[in-house]
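2 protein chains.
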Amino acid sequence: MAKQVFINGDFVEEDKAVLHFRDLSVQRGYGVFDFFRLVGNEPLFIEDHLDRFYLSAEGLHLPITFSRQEIKNIILELIKRNNMPGPGIRLQLTGGYSEDGFTAAKPNFIVSQQSFASPAKEQIEKGLKLLSYPYQRQLSRIKTIDYLMAIWLQPVLKEKGFNDALYHHDGLITECPRNNFFMVTSDDVLVTPAENILAGITRKKLLELARNSFKVEERPINLDELKEAKEAFITSTTKQILPVMQIDETILPERKMTMELLQLFQSCYKC
Amino acid sequence: MAKQVFINGDFVEEDKAVLHFRDLSVQRGYGVFDFFRLVGNEPLFIEDHLDRFYLSAEGLHLPITFSRQEIKNIILELIKRNNMPGPGIRLQLTGGYSEDGFTAAKPNFIVSQQSFASPAKEQIEKGLKLLSYPYQRQLSRIKTIDYLMAIWLQPVLKEKGFNDALYHHDGLITECPRNNFFMVTSDDVLVTPAENILAGITRKKLLELARNSFKVEERPINLDELKEAKEAFITSTTKQILPVMQIDETILPERKMTMELLQLFQSCYKC
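So the sequences go chain by chain: A and B. According to the working numbering, the stretch in the first sequence is residues 1 to 271, in order. According to the working numbering, the stretch in the second sequence is residues 1 to 271, in order.
Hints in this document: simulated from the structure, not taken from any laboratory. Note that this is a predicted model, so its numbers are computed, not measured. Don't take each hint at face value.
When the alpha-carbon atoms are kept at most 30 angstroms apart in a straight line, the in silico BS3-like pairs for lysine-lysine are as follows [what the hints assert, rightly or not]:
| hint | chain 1 | residue 1 | chain 2 | residue 2 |
| --- | --- | --- | --- | --- |
| 1 | A | Lys126 | A | Lys204 |
| 2 | A | Lys106 | B | Lys3 |
| 3 | B | Lys270 | A | Lys106 |
The shape of chain A in the complex, shown without the other chains:
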């Protein structure tokens, strides 16, 4: 049976999950989403992701007409129907079919199962090369669909030989386009920015674990501090914990704490 998607009130075959071009996501880039992993057929951190999804929707003044329990049931029903263990679930809420093409209307709500590529072993061993780039995500606490700069940057990064960008604003590091950023100082303190970022769920779970074993600081990171860093890594739902081996011209050869945290995270959450 073909893969199914939930759209508004119905489960439909994925090919039939369409939106009219007048939806405010298509016309004005207005919408929110969230994304979580399945471990087998079990949602990981679903409560945290639902919390954030509701906060995002509220942040953009978009009403969710389904109750939290209804959304959970939809997710479980979708997992059951598709029976495709592993991939993630994407929740999406759009600006809806706006009469005037500008004012938010009744949102369209979509729940879909989407596969993603976990980092290959070589990628974890090799680590990422990040290019620092001056940019501040707008409405940064809300998981909006605004990835304009992130996608626009792709060919720029590729041409320069970098894997991803590291955003900074007013001299302070914030985050990567789709990941949170962590640094290990020369005296083994784990540091991550807390302001003007998306509150990542992997970031939150990792911080909880890390506090048991390491000294942890949530505070602004100066661009210049990176030159003295011992290790750095990024976190996200799809990447989990991925070492950074280079930022601009600075090489970060160590990854002791990074790999320890990755093992801790994976063993703790069996993912």
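Mind docking chain B on chain A? Use the hints.
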């Protein structure tokens, strides 16, 4: 006959103009558009709008597979089929159906006819109330679909009793969310910002006309300068030239040059 829309290769009834939810505009807010008026059934400033549409597409690395002449023919055919004199034409190019939900793919291309509300006589007489707001549109020269801040601001503006926002950055005025901004100084110089804005077509045409009768300067405008301004107005395809009567707490009671320019514009372009 039902109103038609051109989507990719076909003219279809508007209700059938749909995109799959995996389009990168829906998933990541990635796309460009343009919009021009019809005077009767005649496109206004079509060459300028096509120039900008191609520049926007190139700016976001999105290929347009139709030649300029083909797009013109599609527009003329759509106008003929719909025979609805007056409304505008919207050209839209999306990020396409991305395999990984992040990398731009073959764009979807839509040409639609969309009505819009011209300013009522009372609105022109009354003038707009603008609230200055610190924000800089990303990739400002490209007419992207990113109106996240603009739409997010709507309830905020309404609550405070303002009609629209006036963006500024580093102390300098740039533009309104969907309009360019002009100011008349106390010694009758027409001033409009030229940097970090969208290059509006109405702005361009108006500047051409204004230079014949007035002293014109394209330069940054300081937020503080607004307090000494004699007049101010905004320009756009749908609003043409619309007086501003208040910015924050500052009242701008005059509109002599504004109304002169509006009459000049409308009589010159018969619109």
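Against the structure, the hints:
no.: 1; hint: A:Lys126 <-> A:Lys204; in the structure: holds, 25 angstroms
no.: 2; hint: A:Lys106 <-> B:Lys3; in the structure: holds, 23 angstroms
no.: 3; hint: B:Lys270 <-> A:Lys106; in the structure: violated, 38 angstroms
In summary, the one numbered hint that this structure violates is 3.
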